[in-house]
Every structure is written in structure tokens, then in C-alpha cells.
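K.L.:
Given only the sequences and the hints, what does the whole structure look like? Please build it.
Going line by line, the protein sequences match chains D and Z. Per the working numbering, the very first residue in the first sequence carries number 738; after that it's consecutive. Per the working numbering, the very first residue in the second sequence carries number 1054; after that it's consecutive.
The set of hints was computed from the structure by calculation and includes no laboratory data. Positions of the beta carbon are idealized from the N, C-alpha and C atoms, including for glycine. A hint or two may mislead.
[Unchecked claim] The calculated label-pair distances, taken between Cβ atoms and stated as ranges, are:
#1 D:Thr904 - Z:Arg1154: 30 to 38 Å
#2 D:Leu820 - Z:Arg1086: 25 to 33 Å
#3 Z:Met1245 - D:Asp788: 31 to 39 Å
#4 D:Arg801 - Z:Thr1263: 46 to 54 Å
#5 Z:Ala1191 - D:Thr865: 25 to 33 Å
#6 Z:Ser1083 - D:Ala781: 30 to 38 Å
#7 Z:Ser1083 - D:Gly789: 27 to 35 Å
[As the list claims (entries may be wrong)] Some chain Z residues close to chain D (C-beta under 10 Å, calculated; not the full set):
#8 Cys1142
#9 Lys1159
#10 Leu1170
#11 Ser1174
#12 Leu1276
#13 Val1283
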Amino acid sequence: MEARALCRVLALTCVLAAPASAQWLHVPQPGIPRTADGTPDLTAPAPRTADGKPDLAGIWRRPRGATPPSGPPDGLAAGIQVLFQPWAEAVYKTRGENGGKGMPSERCLPHGITKAFSVPEPFKIIETPGLILILHEEFNHHREIFTDGRRMPEHRAPTSFGYSRGTWDGNTLVVNTTGFVDEAWLDFRGHPATDALHMVERYRRRDFGHLEIQFTIDDPKAYRAPWGMTMTFDLLPETELIEHICENERDAARIEGGSTP
Amino acid sequence: MTSVSTRSSGGVAALIAFLLCGVSHAQQDSVPRMPDGKPDLSGIWRSASNRYLTDLSAGGAQLSMQPWARALYDERSAAHGKGRPSERCLPRGVPGMMLARDEPWKVVQTPGEVIILFHESLHYRQIFTDGRPFPDDAAPTWIGYSVGRWDRDDLVVETIGLTEETWLDEGGHPHSDALRVTERFRRRTVRMMDVDVTIDDPKAYARPWTVTVRFELVPSADLGEQRCAVLPR
Chain D
738 MEARALCRVL ALTCVLAAPA SAQWLHVPQP GIPRTADGTP DLTAPAPRTA
788 DGKPDLAGIW RRPRGATPPS GPPDGLAAGI QVLFQPWAEA VYKTRGENGG
838 KGMPSERCLP HGITKAFSVP EPFKIIETPG LILILHEEFN HHREIFTDGR
888 RMPEHRAPTS FGYSRGTWDG NTLVVNTTGF VDEAWLDFRG HPATDALHMV
938 ERYRRRDFGH LEIQFTIDDP KAYRAPWGMT MTFDLLPETE LIEHICENER
988 DAARIEGGST P
Chain Z
1054 MTSVSTRSSG GVAALIAFLL CGVSHAQQDS VPRMPDGKPD LSGIWRSASN
1104 RYLTDLSAGG AQLSMQPWAR ALYDERSAAH GKGRPSERCL PRGVPGMMLA
1154 RDEPWKVVQT PGEVIILFHE SLHYRQIFTD GRPFPDDAAP TWIGYSVGRW
1204 DRDDLVVETI GLTEETWLDE GGHPHSDALR VTERFRRRTV RMMDVDVTID
1254 DPKAYARPWT VTVRFELVPS ADLGEQRCAV LPR
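P.N.:
What follows is the structure, encoded as C-alpha cells:
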């Protein structure tokens, strides 16, 4: 069952990843730090915006074989103990037994924050005064993080990525997000989340070529204590995202055929 | 007498100049500007109607469809647009994804790039304004590859690389892989923007054709998210 579950997740991921690995676009980028031989210097200091804050802008991707993984056996909770509420533990168990079947992305619904960051496809951060954008290559989905001090609108309909507000704590961007839809998946393994989820992300660009995001998942309806993990990302310099639209209504048939040895 | 006349005509000229400058100044003031002086198109916008979503040639654009394009359009019309990509949560492409009145989009304008965020399916478009050329090998995609430049106060966006699977409108006007879409964004006032859309696709239409689509500013700070769920077969 475990192996089949893994197969299914990998099949989904690989089929979805295929267009991204097909080719890279080369986009010359003037003004980036370079080593003596002219290649981008990924260990140069992190750039800063006009107001002196770290500039998180760039195209980022998880290193190959990155931990924590997102699929079986433990998803984003690899190596940590998660204190489930009883119903959430039952849901988590069932999702594992079903090999990830029924996850929202099967129907091309957005991954949500942690699941979207956990895929192999890159994402792009664009930092503007008052607003930070995250453009995910996978599914061509976007996310907004407001840094202009606004409050969440009242009577707002819940969304997959929630409503995000960011503030700076020294050189770290701290993003608080609420307003999520219910019955979400935090990873491909199936850790559930509810509309009570409060996600905190701490973004730190260590140097020119490296970004880390520390996630804290605080969802008292699903978990008896907050938990979290840190993901690291490598810069992809001088390239551009490649469009990837979810066409799962077609891929589903191919996956059924393709994953059977 | 002569001097009076001169002064008088000078006064009229000054008055005319004042009026002209005053008017042009008022027009400029009505459109927000970026630090570099270009119009700021930022905001949440939506089509003033579904007219062009239904039929991009509405309003009398004269189309000379190639025979295959005519046949495909007639077939789609006979089927009342059944089978259009948006039925399956797929993007309407360019310009289709701009045209639905119920699906607003948000412009975020940065120095080298204009990003359009869509309520529909949470999709986005990137329009590169940093002077880069089109890629040599733009593989066909649902949203294409867009570059933009400023022509005075108009943002002129050209898009290529659109998959033939997209329809120009929900009525089913087809296009080929030779399609080049030009969108000329012109923010006329704080609350109104016109976009001239030119369809240049010699394989499907003998001549390029242009329509002007009006968009309205949406007085909301929150774009929100439309969730379109497909059912895997």
C-alpha cells in the first residue's frame, strides 16, 4: 500500500513536472553579482530594496532531494511528532491508505501554501512597495502578501492561500495568514488543515542564492499543538518561469495507464 | 492701435494656451502616474460587459476568415460553444481571459514587468517591459509569452506562442499558431481603461482586425479567488 501510495504521488508529480523540465529559458540579467569566471555569485550578500529591506525577488526552487519531502511516509512532518486531534488523525490515516486519492489538486484546485512550496517546480517572488507577489509555476497560481499594514477585509470568502499580511522583523519577513478554506491538504501525504488554520512564515534570504522559509502551523481544530518545519530554496538565476496549467482532466487517464507496471 | 491689437492677440494666445494647458493638465491629473511618469495602470479591473467575451467581433469588426477557420467557427456555433476550454477550467487564453465581466483582474506594475493577477482560477499573466525579445522557441502555451513597451501613454503588449486550443471568445472564433495579439492599454480616467485588441493571424484571418474593449475599475481591495474544480475522468 505504501509503495502504491508513493507511486501515485510520484506519478502525479512527474506528469505535472514534465513540461517544466522540458526546457529552460535563458534571460540575461544585468547587475547581478558574478564570480571571477562570470557565473552568478550565489554566495554574494542578499540584495536590498530601496527602503533597505532584503529583496526576496527571484526565481526559487527546492534543492533536489530536499527534506522534508511532501509525500509518504510522513510528508512535511518527517522527523517531528505531530499531535493530531482524533478526527484529524483518522483523516490522515485514511488519506495514507488511499494513496493520496482525493487531494484537491487532482481536480486542479490550488495546493495552498505549504503544498505549493513543496513541489519541484520553481516559483517567483516579486517585491513591490506594499505588496509581495508569489507566482507559482505549477498550475500558474498566484499569491499576494500585503506589506502595507492593511487589515483583513471583513466578510471575506475563504481561499486556498488565505489572506496574507507581512511585516519585517529585522531582516526576516514574517507573514501571518488566516482566512483559509476548510478541508485543505498541507502536503501530498495528506496532513489536514481547517478554516481555523493560522500559518506563520518567516522568510530569510541568507545570501544571494539561498532562501529559507520557516513554517508554523497553528490549527487547534486539527492539531493539539502548533508544529512546523523549514524549507530551503536555491535561486535559479537568469531564467523565467515556464507556463504550467493543470490539465488533470486529461492527465488522470494517462496516470491510470502510466503508473501500472 | 497696433500695439493694442498685438497685446490683445497676445492675450488671446495666452488664454488659449492657458486653456489648452489647463485641459491637458486636468487630463493628466485624472490618471495616476508612476515615478517614471508613465501612467499607473494598477488596480482591479473588469470588463464593462460580456459583449466581447461572447463575440470578440461584436460592434462590426469585419472578419475575413480563411475557409478552415470559417468551418470550425460554424461548427462551434452550431454546438452553442460546447467544448470550449473554460468548461474544463482551462484558461481562455489571450484575449479571452481578460473579457469576462464576472472575472476581474488586478494589475501590478513594476519597473521591468507588469503582472496581471486573475480572480478566475487564480491564474496570472506576466508582461515583460524590460526590453527583452521574444524567446526563439516559444512553445505553445495557454497564456502565451507577452512583452510590452510604452508608446507615449499607451502600454502596448504583444503576445505570441498561444496554443491553438484557446478560443478567441466563448463563441468560438478560432486562431492558428501564427496568432499575434496586440493589446493597447489606455487608462483614460481613474475609473476607466480602454484596450484596443488586434488579432493578427494570417493563417486564420486574411486581414488583422481590431476591437476596443472597455474596462472599469472595481472599487475593492480584495481580488479573491474563483475555484474551478475539474472532475478527473
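K.L.:
Hint by hint, say whether it matches the structure.
P.N.:
Against the structure, the hints:
1. D:Thr904 - Z:Arg1154: 30 to 38 Å: holds, 36 Å
2. D:Leu820 - Z:Arg1086: 25 to 33 Å: violated, 54 Å
3. Z:Met1245 - D:Asp788: 31 to 39 Å: The hint (31 to 39 Å, Cβ to Cβ) holds, given that Z:Met1245 and D:Asp788 are roughly 32 Å apart.
4. D:Arg801 - Z:Thr1263: 46 to 54 Å: holds, 48 Å
5. Z:Ala1191 - D:Thr865: 25 to 33 Å: holds, 27 Å
6. Z:Ser1083 - D:Ala781: 30 to 38 Å: violated, 44 Å
7. Z:Ser1083 - D:Gly789: 27 to 35 Å: holds, 34 Å
8. Cys1142: holds, 5 Å
9. Lys1159: This hint holds: Z:Lys1159 lies near chain D, its Cβ roughly 8 Å from the closest one there, short of 10 Å.
10. Leu1170: Result: holds, 5 Å to nearest chain D Cβ.
11. Ser1174: holds, 8 Å
12. Leu1276: holds, 7 Å
13. Val1283: holds, 4 Å
When held up to the earlier numbered hints, the structure conflicts with 2 and 6 and fits the remainder.
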